[in-house]
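A.B. asks: Chains as they are written, first to last, in our numbering: chain H, 143 to 276; chain E, 12 to 399.
Hints are computed from structural coordinates only; laboratory data are not their basis.
One thing to keep in mind: the hints can contain errors.
To be verified - With a straight-line cut-off of 20 Å between C-alpha atoms, the simulated EDC-like cross-links for lysine to aspartate or glutamate are:
id, chain 1, residue 1, chain 2, residue 2
1, H, LYS170, E, GLU245
2, E, LYS32, E, GLU54
3, E, LYS396, E, GLU330
4, H, LYS161, E, GLU80
5, H, LYS253, E, GLU382
6, E, LYS68, E, GLU125
7, E, LYS386, E, GLU338
8, H, LYS256, E, GLU35
9, H, LYS256, E, GLU322
10, H, LYS253, E, ASP120
11, E, LYS131, H, ASP195
12, H, LYS246, E, ASP361
13, H, LYS246, E, GLU14
14, H, LYS270, E, ASP380
15, H, LYS256, E, GLU122
16, E, LYS386, H, GLU157
17, E, LYS386, H, GLU167
18, H, LYS213, H, ASP195
19, H, LYS253, E, ASP71
20, E, LYS385, H, ASP175
21, H, LYS253, E, ASP95
22, E, LYS139, E, GLU242
23, H, LYS200, E, ASP380
24, H, LYS228, H, GLU163
25, H, LYS256, E, GLU54
26, E, LYS55, E, GLU29
27, H, LYS170, H, GLU157
28, H, LYS222, H, GLU274
29, H, LYS246, E, GLU165
30, H, LYS244, E, GLU80
31, H, LYS256, E, ASP360
32, H, LYS246, H, GLU163
33, H, LYS256, E, GLU165
34, H, LYS170, E, GLU330
35, E, LYS68, E, GLU25
36, H, LYS170, E, ASP354
37, H, LYS256, E, ASP380
38, H, LYS253, E, GLU330
39, H, LYS200, H, ASP175
No experiment lies behind these values; they were computed from the predicted model shown.
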Amino acid sequence: MAKFPSEEWIKLFKEEVNKNEAYAEAAKDWEGDFLFIANPDDKLEKEAVFWVDLWHGKCREVGVVPSRDAKKTEFIYEGKYGNWVKLINGEIGPIRGLLTRKFKLTGSMAKIMKYTRAASELVGCASKVPTEFL
Amino acid sequence: MWELTIPRTVVIGEGALEYLKEVEGKRVLIVTDKVIHKLDFVEKVANYLKEAGLEVKVFDEVEPEPSIETIMKGAEIARKYGPDWLIGLGGGSCMDAAKAIWPLYANPDIEVAEINPFTKFELRKKAKLICIPTTSGTGADATWAAIITDAKEERKMELPSREIVADIIILDPELPKSMPPSLVADTGLDALTHAIEAYVSQWRNDFSDALAIKAIQIIFKYLPRAYRNPEDKEAKEKMHNAATMAGIAFGNSQVGIAHAMGHSLGAIFKVPHGRTVDLFLSYSIEYSAREAMERYADIARAIGTEAKTDEEAVEKLIEAVRRLDREMGEPASIKELGISREDFEKRLDDLVTRAANSSCTFMNPRVPDVEDTKKLFIYAYEGKKVDF
Numbered sequence: 143m144a145k146f147p148s149e150e151w152i153k154l155f156k157e158e159v160n161k162n163e164a165y166a167e168a169a170k171d172w173e174g175d176f177l178f179i180a181n182p183d184d185k186l187e188k189e190a191v192f193w194v195d196l197w198h199g200k201c202r203e204v205g206v207v208p209s210r211d212a213k214k215t216e217f218i219y220e221g222k223y224g225n226w227v228k229l230i231n232g233e234i235g236p237i238r239g240l241l242t243r244k245f246k247l248t249g250s251m252a253k254i255m256k257y258t259r260a261a262s263e264l265v266g267c268a269s270k271v272p273t274e275f276l
Numbered sequence: 012m013w014e015l016t017i018p019r020t021v022v023i024g025e026g027a028l029e030y031l032k033e034v035e036g037k038r039v040l041i042v043t044d045k046v047i048h049k050l051d052f053v054e055k056v057a058n059y060l061k062e063a064g065l066e067v068k069v070f071d072e073v074e075p076e077p078s079i080e081t082i083m084k085g086a087e088i089a090r091k092y093g094p095d096w097l098i099g100l101g102g103g104s105c106m107d108a109a110k111a112i113w114p115l116y117a118n119p120d121i122e123v124a125e126i127n128p129f130t131k132f133e134l135r136k137k138a139k140l141i142c143i144p145t146t147s148g149t150g151a152d153a154t155w156a157a158i159i160t161d162a163k164e165e166r167k168m169e170l171p172s173r174e175i176v177a178d179i180i181i182l183d184p185e186l187p188k189s190m191p192p193s194l195v196a197d198t199g200l201d202a203l204t205h206a207i208e209a210y211v212s213q214w215r216n217d218f219s220d221a222l223a224i225k226a227i228q229i230i231f232k233y234l235p236r237a238y239r240n241p242e243d244k245e246a247k248e249k250m251h252n253a254a255t256m257a258g259i260a261f262g263n264s265q266v267g268i269a270h271a272m273g274h275s276l277g278a279i280f281k282v283p284h285g286r287t288v289d290l291f292l293s294y295s296i297e298y299s300a301r302e303a304m305e306r307y308a309d310i311a312r313a314i315g316t317e318a319k320t321d322e323e324a325v326e327k328l329i330e331a332v333r334r335l336d337r338e339m340g341e342p343a344s345i346k347e348l349g350i351s352r353e354d355f356e357k358r359l360d361d362l363v364t365r366a367a368n369s370s371c372t373f374m375n376p377r378v379p380d381v382e383d384t385k386k387l388f389i390y391a392y393e394g395k396k397v398d399f
């Protein structure tokens, strides 16, 4: 079990992404990196920031970064910790999360909208990581 | 939390078009196509607006399945003319074009593909929108998304923004009177697909359910009449209202794989929207029933089907949909559309890729993976019952 958020968790997430053939196919043309940010709430005291570099259907690199300003990325996907728990548990989808304002995206929506299946597969990968929540 | 976005005013019934005499403003840009322009609809609309003291300009270059280029051209004309009202007059293509022109008119720096639900476009500081459908089916008058074709990529883009919903919809039963039976069938079955997919969508809610189920009842009752008898005023008016009700329903709960597959087939083989989405409706019910048996059974019972079990009710619903298709001479398979096996197989991977990546696919009660999407296309080509 890996604690979410932690360096160990994001590394296991990378492994899951790189095992996922459906993601590889859906994101074969994708180029772009993300900051995934869990905003503080009653469970999480300090903002947690992951860097995830996705390239042509593979996850090239991941890491925990000290703050949102420490890394410039093409996209930022962020929401409260409790909403990340719901996303990882499959209770809300990545796009519905945006529409209901549980998550916020910074970056080109036009580019993201072409990769709905890839986004869904990524969430599927996150759900497969054996996770211990706060 | 969920959010419903619906048009502010819906004007219905005989004489509804006269509402235009009450519109306040200075300049109107009517977005339409050449066919509608040739009929007397544009003149009629323009006369009412002039009576209200407004200046009118017409952009009539919208083609079926409007392209990015047309939207950019329309936006350029709007920027030069400076209207405070846009009117989408015609079928779904004209109304979607007006909806997509609007953000580009108000925000000259954005591209068509940038229309999305998260950017604030401040549209109403620049203009407002009236939609006047002349066909009864697309629901484009009522939704907050525009379907625009990227011809280069042979892809239909589903462009959503809650801001692009119309301020006013005018449903005048006089307008769809001249629709030929084949158009009555294509558009009416499109509306049926909207309503059924809205009722089973993963994003359904009590409000969309109410409108969807009523629309389904109206369509099953009145569509055959509207198709058989062009003079049946009551049936045509009911279908005109049902199409918008279905539009509000699916606009707030979304559609599923019949639309994902239909958009894909339409973009690649240039088949009209209504015909393609309806073609996939019965296959999508067969495929999705495993995850939404009770919902489909609700629909079956709402149209008067008697059945001892939900399974039996769903079987009867599928048969009812296919019977309606047959009655109206609609194709039951991709093969019947006249697409050769060779052409189909050559483009099968493209069809699958586009459908599998459509946002509609992820609203379906059962989300197919790429493999299932491919099988669904193959079954729909052959006209085979879905058994997986």
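A.B. asks: For every hint, state whether the structure bears it out.
C.D. replies: Hints, verified against the model:
1. Distance check on the hinted pair: LYS170 of chain H and GLU245 of chain E sit about 52 Å apart at the alpha-carbon level, beyond 20 Å; violated.
2. Of the pairs offered as hints, the one joining LYS32 of chain E and GLU54 of chain E holds, with about 14 Å between alpha carbons and a cut-off of 20 Å not exceeded.
3. Note on LYS396 of chain E and GLU330 of chain E: the hinted pairing holds, with a Cα-Cα distance of about 11 Å set against a maximum of 20 Å.
4. A hinted pair counts as satisfied when its Cα atoms are at most 20 Å apart, and LYS161 of chain H with GLU80 of chain E does not qualify at roughly 41 Å.
5. Proximity of LYS253 of chain H to GLU382 of chain E is assessed by CA-CA distance (about 24 Å); at most 20 Å being required, the pair is judged violated.
6. A threshold of 20 Å between alpha carbons decides the hint, and for LYS68 of chain E with GLU125 of chain E the separation of about 27 Å lies outside it, so the pair is violated.
7. Under the criterion of a C-alpha separation no larger than 20 Å, the hint pairing LYS386 of chain E with GLU338 of chain E is inconsistent with the structure, at around 27 Å.
8. Under the criterion of a C-alpha separation no larger than 20 Å, the hint pairing LYS256 of chain H with GLU35 of chain E is inconsistent with the structure, at around 40 Å.
9. A hinted pair counts as satisfied when its Cα atoms are at most 20 Å apart, and LYS256 of chain H with GLU322 of chain E does not qualify at roughly 36 Å.
10. With a C-alpha separation of about 17 Å, the suggested pair LYS253 of chain H and ASP120 of chain E falls inside the 20 Å cut-off, and the hint holds.
11. Annotation: proposed proximity of LYS131 of chain E to ASP195 of chain H is violated, straight-line Cα distance about 28 Å (limit 20 Å).
12. For the suggested pair LYS246 of chain H and ASP361 of chain E, the alpha carbons sit about 31 Å apart, so the restraint of at most 20 Å is broken.
13. In summary, the hint linking LYS246 of chain H to GLU14 of chain E is supported, as the alpha carbons are separated by about 16 Å, within the 20 Å threshold.
14. The suggested pairing of LYS270 of chain H with ASP380 of chain E holds, with an alpha-carbon distance near 17 Å, which does not exceed 20 Å.
15. With a CA separation close to 15 Å, the supplied pair LYS256 of chain H and GLU122 of chain E stays within the 20 Å bound.
16. Simply put, LYS386 of chain E and GLU157 of chain H have alpha-carbon atoms about 30 Å apart, too far for the 20 Å limit, and the pair is violated.
17. Using a Cα cut-off of 20 Å, the hinted pair LYS386 of chain E and GLU167 of chain H holds, with the two alpha carbons roughly 17 Å apart.
18. Taking the CA atoms of LYS213 of chain H and ASP195 of chain H, the gap is near 11 Å; set against the 20 Å cutoff, the hint holds.
19. Using a Cα cut-off of 20 Å, the hinted pair LYS253 of chain H and ASP71 of chain E is violated, with the two alpha carbons roughly 30 Å apart.
20. A C-alpha spacing of about 30 Å is found between LYS385 of chain E and ASP175 of chain H, which places the hinted pair above 20 Å, so the restraint is violated.
21. Distance restraint check for LYS253 of chain H and ASP95 of chain E: the Cα-Cα separation of roughly 31 Å exceeds the 20 Å cut-off, and the hinted pair is therefore not satisfied.
22. As the CA atoms of LYS139 of chain E and GLU242 of chain E are separated by approximately 34 Å, the hinted pair breaks the 20 Å bound.
23. For the hint pairing LYS200 of chain H with ASP380 of chain E, the CA-to-CA distance comes to about 19 Å; that is within 20 Å, so the pair holds.
24. The suggested pairing of LYS228 of chain H with GLU163 of chain H is violated, with an alpha-carbon distance near 24 Å, which exceeds 20 Å.
25. Taking the CA atoms of LYS256 of chain H and GLU54 of chain E, the gap is about 40 Å. The hint is violated against a cut of 20 Å.
26. A hinted pair counts as satisfied when its Cα atoms are at most 20 Å apart, and LYS55 of chain E with GLU29 of chain E qualifies at roughly 9 Å.
27. For the hint pairing LYS170 of chain H with GLU157 of chain H, the CA-to-CA distance comes to about 17 Å; that is within 20 Å, so the pair holds.
28. With a C-alpha separation of about 17 Å, the suggested pair LYS222 of chain H and GLU274 of chain H falls inside the 20 Å cut-off, and the hint holds.
29. A hinted pair counts as satisfied when its Cα atoms are at most 20 Å apart, and LYS246 of chain H with GLU165 of chain E does not qualify at roughly 30 Å.
30. Among the hinted pairs, LYS244 of chain H with GLU80 of chain E is inconsistent with the structure: their alpha-carbon atoms are about 35 Å apart, more than 20 Å.
31. A distance of roughly 17 Å separates the Cα atoms of LYS256 of chain H and ASP360 of chain E; the hinted pair therefore holds under the 20 Å criterion.
32. A threshold of 20 Å between alpha carbons decides the hint, and for LYS246 of chain H with GLU163 of chain H the separation of about 27 Å lies outside it, so the pair is violated.
33. For the hint linking LYS256 of chain H to GLU165 of chain E, the alpha-carbon distance of about 13 Å falls within 20 Å, and the restraint holds.
34. The straight-line distance between the Cα atoms of LYS170 of chain H and GLU330 of chain E is roughly 40 Å, outside the 20 Å bound, and the hint therefore fails.
35. As the CA atoms of LYS68 of chain E and GLU25 of chain E are separated by approximately 26 Å, the hinted pair breaks the 20 Å bound.
36. Taking the CA atoms of LYS170 of chain H and ASP354 of chain E, the gap is near 25 Å; set against the 20 Å cutoff, the hint is violated.
37. Using a Cα cut-off of 20 Å, the hinted pair LYS256 of chain H and ASP380 of chain E holds, with the two alpha carbons roughly 16 Å apart.
38. About 40 Å separates the Cα atoms of LYS253 of chain H and GLU330 of chain E, which puts this hinted pair outside 20 Å; it is violated.
39. Restraint check for LYS200 of chain H and ASP175 of chain H: satisfied, since their Cα atoms lie roughly 11 Å apart, inside the 20 Å limit.
The earlier numbered hints that this structure contradicts are 1, 4, 5, 6, 7, 8, 9, 11, 12, 16, 19, 20, 21, 22, 24, 25, 29, 30, 32, 34, 35, 36 and 38.
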